[in-house]
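Listed here are the chains, written in short residue letters.
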Amino acid sequence: MTQFLSLLLNGISLGVIYSLIALGFVVIFKSSEVVSFMHGSLLLVGAYSIVRLQDPLGFWGGALAGIAITGILGLLVDRLLLARMRGAPVISLAILTIGVDIVLITELTRLIGPDILNINHPWGGQVLHLGSVGITANRALAIVVAAVLIAAFFAAFKYSNWGVAMRAAAEDGEAAALMGIRLGRVSALAWVVGGVLAAVAGLFLVGSPTPGVTPAVAAVALRAFPAAILGGLDSTGGALVGGLLIGVAESLATGYQDQLAFLGRGFGSVVPYVVMIAVLLVRPSGLFGTRELTRV
Amino acid sequence: MLSVREMHVTYGGTVRALRGADLEVADRQVATVLGSNGAGKTTLLRATSGTLRLHRGRIDSGSITFDGTDLAGKDPAQIVGMGIVQVPEGRRIFTRLTVEENLRAGGLGSRDRAAKATAERRVYDLFPVLADRRSSRAGLFSGGEQQMLAIGRGLMANPKLLLLDEPSLGLAPQMIGRIGEVIREIHRQGTAVLLVEQNATMALAVADTAFVLDIGKVSLNGPAAELAATDAVQRLYLGHGATEESEHGPVDTGASATNPPRTTRTLSRWSA
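Sequence order for the protein chains is V and H.
Here the first sequence is numbered in my numbering, starting from -7 and rising by one per residue.
Here the second sequence is numbered in my numbering, starting from 3 and rising by one per residue.
One should not assume that every hint holds.
Claimed, not checked - Listed next, with one range per pair, are the computed distances between beta-carbon atoms:
no.	chain 1	residue 1	chain 2	residue 2	range
1	H	Ala117	V	Pro201	52 to 62 Å
2	H	Gln200	V	Arg71	33 to 43 Å
3	V	Leu272	H	Asp24	20 to 30 Å
Claimed, not checked - Listed next, the stretches of chain V that the computed footprint assigns to chain H, with coverage defined by at least 3 CB atoms under 8 Å from CB atoms of chain H:
no.	segment
4	22 to 31
5	165 to 175
These aren't lab readings, by the way, just hints derived from the structure by calculation.
C-beta atoms are modelled at their ideal positions from N, C-alpha and C, and glycine is treated no differently.
Input sequences plus hints: build the corresponding full structure.
And the structure:
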């Protein structure tokens, strides 16, 4: 029972990190119809920038600067590349992000080299004990920060002008444009939000118990992709639930891998995709997705 | 106020939608554009609201000005800022948003909070049915209510000129009459209206001037009442066959049938 609770708690902490990434993913898809395959490398850019900037700026300065850099990178991708391709088929836009992803990953792999870089979190590798259940301080903090960010995001999405503009533009871009809503601005802001959320997720994802900043982190981050898909690619609530579901499933599969030995070692990292396929078989448009996504 | 001169528009570089259209909307006037499918009515509105680009359309030549300012090359948000708002064909309200959020979206083009509050009161006065259900999802509304919401949403930006693209589309006759009243009321409150319609009876009844668009060109124009009395319009748009030539009276307009039509050209299509 203790093991189960511990795996559940750690799964939730991993899940909220996935949720943050998936939320950015969904916001970008909603506002610009771009499926961002570069989200993993975007996150890695954030984590890497924090590592490099923490020495001159200190941890907090480095973290803020790294988060800002990632947001700006998202903005640049939207303004310099995607804005020129407005109206292009969704597939072309997605492939463009794959291209950007390859460029970023290659360069980051070169920069990182064989080292494992570490962010010097002030909370370090401490472990908190809640009764008999243990969780690292890093992951506990991830839950708190993610909860605050997600709540702030949903409040803004529901009540702010940006949220109304964003939802209007997502439902009917032309009608929104006729109301004087600037679609370019909506999508640019979505990319900034996507970048910022990815960088915050990165900050926690590379902390204890995961080992530091390596190129492999980008692949881990891409597990938010099945999270977004199974929640329904155009549903913000779905991204949240999907992230948690994937995190918990992954944590449980990894924790009980001795009992699941017949599935082979390392099954945990496959679980997100298995869960996604299982959900899509029953609900092809995801848990909370809109049934008909194509618009004319 | 709005002046379109020798307007040529093509889609994708090949399909010619407007071939030298001319049109003039005077201050505080209701003008209507009639025409069959494919005549270029919607294209004319898109050219005005700056949304041609979203449909791969382009102004090849000609000018379009609003109070003397050139509209070509302006983006939709700038045009909304200048006081021109288009209510799109087929309503296109945001079905997943509430009534209140739809209206808020309509006001996002301007920053003037006081003006927005006034506009919102005006919309709720005009359409009490919206006021009663302001927090329900717009997708649950009937066609007529959705059209009212679409018009209300357009009014939120306090337009000087409201472009309406076939507001009567798919509505019951009674509701079409109600839309006609609403257009009169909006006009009375000081907003000019450019009404694109296939329902000529309603359009000619509310409009001051009318234009008939025929394969991308204006083939007839003049005061709405006079136009309503012409043979061509009677036959093609008001549903009076050639055999009913005797009952020449205008339909639903206050004009007298003895007024000689100012324009005597006939339409090139179906006029044989």
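Hint by hint, here is what the structure shows:
Range check, H:Ala117 to V:Pro201: about 56 Å between beta-carbon atoms, so the 52 to 62 Å window is met. Roughly 41 Å separates the CB atoms of H:Gln200 and V:Arg71, a value that falls within the hinted 33 to 43 Å. In this structure, V:Leu272 and H:Asp24 break the distance hint of 20 to 30 Å, their C-beta atoms being roughly 55 Å apart. Chain H is given as covering the segment 22 to 31 of chain V, and this is violated because 0 residues of the stretch bring a CB closer than 8 Å to a CB of that chain, at least three being needed.
Residue count for the segment 165 to 175 of chain V with a Cβ under 8 Å from a Cβ of chain H: 10. That meets the three needed, and the coverage hint holds.
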